[in-house]
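Enquirer: Let the hints inform the model, and build the full structure from the sequences given.
Protein chains: 4
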Amino acid sequence: MLIQLKDNCNDKDFQEIVSVVKSLGYKPSEVVTQYGRYVICVGSAEVDIRIIGNLNGIKDVHVVADQSKLVSRLWKVQTTEIPLGDGIVISRDHLTIGMGPCSIEDEEQVIRIVGFLKENGVALMRGGVYKPRSSPYSFRGHGLEGLKFFYKHCQANGIKVVSEVMQVSQVEEMHDYIDIYQVGTRNSQNFNLLDELGKVNKPVLLKRGMSSTLQELLASAEYIFSNGNEKVILCERGIRTYETAYRNTLDLNAVPYLKEKSHLPVFVDPSHGVGVRAYVEPMALAAVMAGADGLLMEIHEVPERAVSDGDQSLNLTEARRCITRIRETVRLRDSLYDLTPYQATDPDH
Amino acid sequence: MLIQLKDNCNDKDFQEIVSVVKSLGYKPSEVVTQYGRYVICVGSAEVDIRIIGNLNGIKDVHVVADQSKLVSRLWKVQTTEIPLGDGIVISRDHLTIGMGPCSIEDEEQVIRIVGFLKENGVALMRGGVYKPRSSPYSFRGHGLEGLKFFYKHCQANGIKVVSEVMQVSQVEEMHDYIDIYQVGTRNSQNFNLLDELGKVNKPVLLKRGMSSTLQELLASAEYIFSNGNEKVILCERGIRTYETAYRNTLDLNAVPYLKEKSHLPVFVDPSHGVGVRAYVEPMALAAVMAGADGLLMEIHEVPERAVSDGDQSLNLTEARRCITRIRETVRLRDSLYDLTPYQATDPDH
Amino acid sequence: MLIQLKDNCNDKDFQEIVSVVKSLGYKPSEVVTQYGRYVICVGSAEVDIRIIGNLNGIKDVHVVADQSKLVSRLWKVQTTEIPLGDGIVISRDHLTIGMGPCSIEDEEQVIRIVGFLKENGVALMRGGVYKPRSSPYSFRGHGLEGLKFFYKHCQANGIKVVSEVMQVSQVEEMHDYIDIYQVGTRNSQNFNLLDELGKVNKPVLLKRGMSSTLQELLASAEYIFSNGNEKVILCERGIRTYETAYRNTLDLNAVPYLKEKSHLPVFVDPSHGVGVRAYVEPMALAAVMAGADGLLMEIHEVPERAVSDGDQSLNLTEARRCITRIRETVRLRDSLYDLTPYQATDPDH
Amino acid sequence: MLIQLKDNCNDKDFQEIVSVVKSLGYKPSEVVTQYGRYVICVGSAEVDIRIIGNLNGIKDVHVVADQSKLVSRLWKVQTTEIPLGDGIVISRDHLTIGMGPCSIEDEEQVIRIVGFLKENGVALMRGGVYKPRSSPYSFRGHGLEGLKFFYKHCQANGIKVVSEVMQVSQVEEMHDYIDIYQVGTRNSQNFNLLDELGKVNKPVLLKRGMSSTLQELLASAEYIFSNGNEKVILCERGIRTYETAYRNTLDLNAVPYLKEKSHLPVFVDPSHGVGVRAYVEPMALAAVMAGADGLLMEIHEVPERAVSDGDQSLNLTEARRCITRIRETVRLRDSLYDLTPYQATDPDH
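First to last, the protein sequences are chains B, F, G and A.
All the letters of the first sequence, read from the start, carry residue numbers 82 to 430 under the numbering used here.
All the letters of the second sequence, read from the start, carry residue numbers 82 to 430 under the numbering used here.
All the letters of the third sequence, read from the start, carry residue numbers 82 to 430 under the numbering used here.
All the letters of the fourth sequence, read from the start, carry residue numbers 82 to 430 under the numbering used here.
Just so you know, not all the hints are guaranteed correct.
A pair counts as met if it fits within one copy or between any two copies, since identical chains are not told apart.
Distance condition first, Cα-Cα at most 25 Å in a straight line; then the derived SDA-like pairs of lysine to any residue [what the hints assert, rightly or not]: (1) K233 with N396; (2) K342 with P384; (3) K108 with A387; (4) K280 with G224; (5) K233 with N308; (6) K108 with F220.
No wet-lab data here; the hints were simulated from the structure.
Keep in mind the model is a prediction, meaning the values are calculated, not measured.
Expert: Written out as structure tokens, the structure is:
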């Protein structure tokens, strides 16, 4: 059960609500976000929700049988829109492309990639400055200094920045130089980090863990939301399976599933999802038709010389062509569907 | 190494070729198919293929480092075309849709589905008469009698039949009532069955095993081909992973991979691949953009009453809309690519 | 629900039983085996089994909620004993060791291995004459001729033979030269083969499919049993996972699970389960403590020269030491447990 | 390549070593631990190590082709011993049992469990005070206050404490109340946390990630070691597979593999590994025979009332019996092997 409180819900109203919820056998948790105030009620008793609906201070009450409540589509039918500023909005109506190198290598690189993105109308740049690396002896990124020059050039050109945060202490450090925090696959269940990201008013792109179920992904999103931050983007990036022909197995089934279960926007990262340069474009276009709200892709001027992930990065010629094709595919999708794909498929589902 | 023999290669030429191949440290196997005669040479020595190219009776010699030789694209660049008769051809240029119920339930059902397919221009009907079922107490299909009425109504309407063969003895039984033999996921490495299907002159649609690697799928196709049958279609149908949110994990990465490695046409079965009715259409469209040459989908007049797989079958209204959308997506794909998707992505790959 | 019929149950009694079962909303299937006659009732209605227990011709009635009925421990508490002749019995009380080469290579090899087994008191020899190979160009075994000399030397020395059967037609061919049919991992859901093996009166060792769930393994065993053959042995041999450090992931959890759910004996194949020679012995001993009733292991006089699976075969020195250690471990296990391990752990479970 | 420096290696010697290493095409990293000083050299050139061995300040040079150097057995043949104080030592020669509840629930519980452990001679108690929970609304542990009373009662009775650390800031907080830091499966690749744990002089028990390869586990251990802490314990705790019959798939293959590849002690957690109470004991005994150096097990006075993981916790009667059986199994293992199991199996490996 999820209770939306009115703005003018006062302490007395609130205590009464909590007390009624408890008397019904539910455990209430208060949640305050940028946009609203909620009481999340966990329990399994059968309840006539009108008992609660009639209390003072309540805007609406929803039965949400899903394990994760705040991120569920059961109480919020429209896909969440996330404004990034400068008129750039992540939304169902407008597929977002995010591109950039795996690691930010140097300032010149940033300048050239920013130029490329601007020229091609791409509004979001990705790039890592804190790199999770299996071996302690590998290059681990340029850190905060890298982020500063990365952000500076993007901001000057109206391009938004998404970059990975790896630990609690970086949340504050990165805050002024970032538009979207990215949580990487290895931190998808780093609950302390998720708690902390729930306390800032910046969007968070949450990647699925390497072997996370989608229920776990939604529960991780619930962590961020229940700590106060509604601006969460889910991201499918390939899972670990027995198949060794490619780096990961991109699970596009996840897209219609997440779109049905949650109101959060869903991105796909075909670069990590397949890990082979020649297959990235077809998988990006497939992701569009599966219903993705955004794509995250690795590009590099000379992939062969990239400090990491060169095997899966498109060069700029390939990237330009891919952008065109993504847009044509989105245009087709828009012409086929008024609603989101999964809804259109089966109106009675 | 793969040697194509000339039609007029005589016994003496052939013995000479075999003897040279052996002297170079390779193990030769002769393969005779509907379309040609080959010597497959397994070994790892470095060889100057001109030594062989100059022998009598040889049409061409190819270095094929891939484990599976005959199905490799390294010696045959164009995607194989498989004519089904009546002008129907499985090919790169024309995406084939195959639809029908999981199990053939009765003759009336066949008549109605055939009518639907004809009306919608679908040239291939699927339907099982031998059903692999986990439990010995479940319905196991109508067998040969079912196949006969299934085939009769399809043939009368110019529709081709694809149906699962489960054991060696059925290959001959089914021969006169089938256009494409289907090998199911549980028989994908039933090597005796593959051997036998290599000896008939009818196409074989080979599904990927539930946890087969793509190398294993290609090796299974090589079994059929090396026994004499070049008409093999590969089919991705979802793999088994840890994720329990859907029946299987449809692995669309497999499509560009198989298209690059093999000249055989590649189908996708989104119905089994995801197993949830509302997600079948988006996954079908995604498969098109990933590069599929054909789609195999389950439909049923009243999915809720299907004897098997109702949860993943589209009803006829959904199927009609889906066919339209598939065709629009194919039209887009054709407009974006002159060549196959994976080739266009990276000309230097 | 599982009904055991009396020997003297006549036609009239039987018809009455079937009719009552149907009237209760259950679907009955008659099963006749070497040892008894049963009616398996599939359905989900709540039934007072005394209604059935009072009918004529009935020996006993059991509620068996498990999906697979005949192989369930819910109606048969003691582990099944399978006599092989000459006083050799597969049973809970006496761990059976089966050893031999992956492929039977030649008659001299058989003679030497038989000598080794006799000297070390090992009563079961394994060895493949029909080999499932991924590539059609690999050695596929000596076939029936190989089986004949394999069997001849074993029989002459009181050693029993277990060997893989790959297709229906081989069941009869192999019948006179075999003591236990082995169903390999790739045929674990080859239902036609299982049906056929249900019709012979020889034990069947059923390997778990490469990615079969244990429920599927039990359902495959139910196929054999429900066709008339109660002499089924289950075998864990490693599953396919993402881990590439070894050939398969030996799932020893399967042992206590299968021992609890089924009355069938459970074997473990540590050779395929790990696929690395140096790890085979510790995994064999671990399997004993996990509760295995038997072990199947690959040995070879010169593993480095084996035509297949040399990497996982013990040489004879290693095998001798391993046999001693297995026996010491079994002795410890017997001293710790009166009952099967899983029962002793938790009497109230 | 791994270079061990002498205690008296001075700055000049060191600079010379670094300079020679670089000139050979290797990238050197200095590592200083509690016990020694090393230069880790990453590269792939062929080198005659005598060139380095002759330099001043060098104790020994080892070719270590493994990806992870410091944790490799290639330079350190004996299993690392980790003293915990009060004469308690984790070592090859003496299997360590650690037991306790999943979560520390209250002080009375700690007192009773400590009493049980003391009575049964168990020297290590486990128990969580920071709990990683999928849902943000679940109980997340008593935190530092819980750890304090947990530690107080253990210390008073000569029992050592192992408890999970979830984030960097807790490393210092927990330092004075802990004997072994535990890194949970979800943090197995939380590289910042691993870095931090490398800077303290307390042992770290590192659990394998839910879907980590063993190479990744070793690389995570290398993070801790290369930051200065040699006291690392590896722990297998079950991996995620397609099988749903139990919570995880305990991968005992990992034990002989890790024992061969690394000199670090290897623990097994059968409680999480199988997740079913009745199967915990057989899997614990199997782990002993597979070669484990320690076992971590969940116990609870009334498992049915545990706040978490009751399904996999032994009650005290079961635990007492299990301890006895573990010790008998260890006694057998010691009598069979002079060396570690894997070495004894194949002296020429």
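Enquirer: Determine for every hint whether it applies to the structure shown.
Expert: Hint check:
1. K233 with N396: Classified as within; 24 Å inside a copy, 54 Å across copies.
2. K342 with P384: Between copies, since 22 Å is at most 25 Å while 37 Å is not.
3. K108 with A387: Intra 51 Å, inter 18 Å, cutoff 25 Å: inter-copy only.
4. K280 with G224: both (22 Å within a copy, 20 Å between copies)
5. K233 with N308: Answer is neither: 29 Å inside a copy and 33 Å across each miss the 25 Å cutoff.
6. K108 with F220: between (47 Å within a copy, 12 Å between copies)
When the structure is compared with the earlier hints, a violation turns up for hint 5 alone.
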